[in-house]
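*Asks:* Sequence:
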Amino acid sequence: MASLLVNPVLNGQIEGLLFGYSVEAAGPYTSDAINDVVVGAPAGLNLGTLTGGLSLDVLVSNLLSGQILGGSAYVFPGNGILNVGVSANAAARLQASSSGLLGSAANLFGYSIRGVEGLTGVKNGNILVGAPVSGVLSNVVGGLQLKAGSLSLFAKQTGAIASPVAPVQTLSSPRSTSVLTLLQGSGQVLDASLMYGASMDNMMDINCDNFADIIVGEPLSSNVPVLGANVTGGSAYVYLGKADGTYQATPIWTLTPTTSPLLGVNATSLVGFSVAGAGHTNGPGTHIRSLVGGPANSLDFGSGLLNLGNTAGTLVSYAADNNGLGKAYLFDGDLCGIVVLPATLLSFKAEKQNNKVALEWISVDEHDLDKYELERSTDGINFSPIAIVFAKGEQKNTYTYPDDRPVQGNNYYRLRIVDNNGKHTYSNTQVVQFNQKLPGLITAAPNPARQQVNIRLDGYERGNYTLRLYNTSGVLLEMRKVNLREHQQTEMMNRSRNMISGVYLVTLHDENNNKVGTVRVVFNEQ
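Numbering (the numbering used here), first residue to last: 1 to 526.
Quick caveat, the hints were computed from the structure, so don't treat them as lab data. Every value quoted in this text rests on a predicted model; they were computed, and no experiment measured them. Possibly wrong hints are sitting among the right ones.
[Claimed, not checked] Derived EDC-like pairs: lysine to aspartate or glutamate, alpha-carbon spacing no greater than 16 angstroms straight-line:
#1 392 / 368
#2 396 / 368
#3 156 / 244
#4 392 / 360
#5 242 / 205
#6 371 / 394
#7 396 / 365
#8 349 / 403
#9 481 / 525
#10 423 / 360
#11 515 / 461
#12 352 / 403
#13 156 / 32
#14 423 / 461
#15 356 / 458
#16 423 / 368
#17 356 / 403
#18 392 / 375
#19 156 / 24
#20 371 / 360
#21 481 / 510
#22 396 / 360
#23 423 / 209
#24 396 / 370
#25 242 / 117
#26 356 / 368
#27 352 / 404
#28 356 / 419
#29 392 / 370
#30 349 / 375
#31 481 / 511
#32 356 / 394
#33 371 / 419
[As the list claims (entries may be wrong)] Have a look at the derived ranges for each label pair, beta carbon to beta carbon:
#34 282 / 400: 36 to 46 angstroms
#35 392 / 497: 46 to 56 angstroms
#36 503 / 243: 34 to 44 angstroms
Even glycine gets a Cβ: it sits at the ideal position worked out from N, Cα and C.
Take the sequences, apply the hints, and build the full model.
*Replies:* What follows is the structure in structure tokens.
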């Protein structure tokens, strides 16, 4: 398979230089459901102006659209014919979006290519194409930004294809630093982004939302002081998939190594030069991991750093850890069962105050939060809710709640934090110990009732009890045995057919037949 535009040199438009630099199985990109292939030609070149092969208006158009010297990728359709397989003619030419003056000039579009995979690992026809030096001229000249590189997503086609095909989404690095930063003196943070999109891979589904995710490498990025030892150490980013086949614009994970302030010499460690979705490396059902290569990395601590948003990073181990030249890093970025909520819990505390427990928590940034469910446990394992507090939705909030019925012994408290979509996470657990025994409390709801009433037993010691239902004349109408296993337990009592409307008494008796609680219940007309 030869480059599409191999015309005689200086006799036309040549856009296929470095054709074959990258190749990939594309899945069923065209509409015939047969698997296709995609080939990159990142060193696009237009020599037509040297021989008058292009008119001035075409030249100006290419310049203004930013496509001059821009690379391409070509999709060759599979034909399903045994021993032939792929057509010699391209069905589509993919190129970066037009982004204004110099936006896609000399962008190396097609340097890296990946066919997008679904949840099962089968390619779905979407294609990712990296352009690691995209925007370098426009960002520096137009925006004074130390930023280069982009990743383009091309959607599977459903009908006739008109080339060139533009992407449905373009991702770029979350990092950028103004050139003016360098002029403000030493100690400034250099947050450069270079070679974003040099590598990428499929990541399966790291957060169990049934949408496939991806990882993108950026081997010449940095986020360190200008005078630090890791000026262009490199990074990789994990993006969550969306229902429409595109990706969240902001990465959920930023993966980067840490370096020793004394021994680190990773000025060009190239972390992110290669990335891979490593899958379930510890076997089925275990966490999904990502693998990031740094072929020039040396002399570091031997630990990687995962940074989620503005929270503190979590240190994890390397896949290969020694002080030779080059390393590979294994990161555990699995988020299944973990929900990143749009709120930050600054504190949660529980304190003993006389015969009560005073609970208080402070949160900020409650953008999409629904409620807090306050839970209590007597063993630190089995929790049950004791209160629901709805979020205020303001910038900073302080919440308080008194637990009037703590148990004798240890009382464990935690918050179940629920967002508007029903997803939840938990706070840390607080423990308060009570040495004194408090009397139990029996309540009824609804009260008045028509047919059923819930009898809530709160704060009684575990054991066997008896519930009895009397009318106001003292006639026993119902008796049942109750085994209390929880600090707070509810028993349901039904109104029998011969019970008329009026007032009734429910009593609770311990194993020695001592009455330990009474509640009055009213039944209305049915």
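*Asks:* Does the structure keep residue 423 and residue 461 at a Cα separation of 16 angstroms or less?
*Replies:* 34 angstroms, violated
*Asks:* For residue 371 and residue 419, compute the direct alpha-carbon distance and say whether it is at most 16 angstroms.
*Replies:* Roughly 7 angstroms separates the two Cα atoms, so the pair holds.
*Asks:* Would the pair residue 356 and residue 394 pass a check requiring their Cα atoms to be no farther apart than 16 angstroms?
*Replies:* 28 angstroms, violated
*Asks:* Does the Cβ-Cβ separation between residue 392 and residue 497 fall within 46 to 56 angstroms?
*Replies:* Since residue 392 and residue 497 have Cβ atoms about 48 angstroms apart, the given range 46 to 56 angstroms holds.
*Asks:* Within a Cα-Cα threshold of 16 angstroms, do residue 349 and residue 375 meet the stated pairing?
*Replies:* 13 angstroms, holds
*Asks:* Are residue 396 and residue 370 close enough, with their CA atoms no more than 16 angstroms apart?
*Replies:* This hinted pair holds, its Cα atoms lying about 15 angstroms apart.
*Asks:* With a cut-off of 16 angstroms on the C-alpha distance, tell me whether residue 515 and residue 461 pass.
*Replies:* 14 angstroms, holds
*Asks:* Run the distance test for residue 242 versus residue 117: straight-line Cα separation, threshold 16 angstroms.
*Replies:* 13 angstroms, holds
*Asks:* Mind checking the alpha carbons of residue 356 and residue 368 for me, to see if they're no more than 16 angstroms apart?
*Replies:* 32 angstroms, violated
*Asks:* Given the hint that residue 242 pairs with residue 205, does the C-alpha gap stay at or below 16 angstroms?
*Replies:* 11 angstroms, holds
*Asks:* For the pair supplied as a hint, residue 371 and residue 360, confirm whether the alpha-carbon distance does not exceed 16 angstroms.
*Replies:* 15 angstroms, holds
*Asks:* Does residue 403 sit within 16 angstroms of residue 349, going by the straight-line distance between their CA atoms?
*Replies:* 13 angstroms, holds
Checked against the numbered hints above, the structure breaks hints 9, 10, 14, 18, 26, 28, 32, 36 and satisfies the rest.
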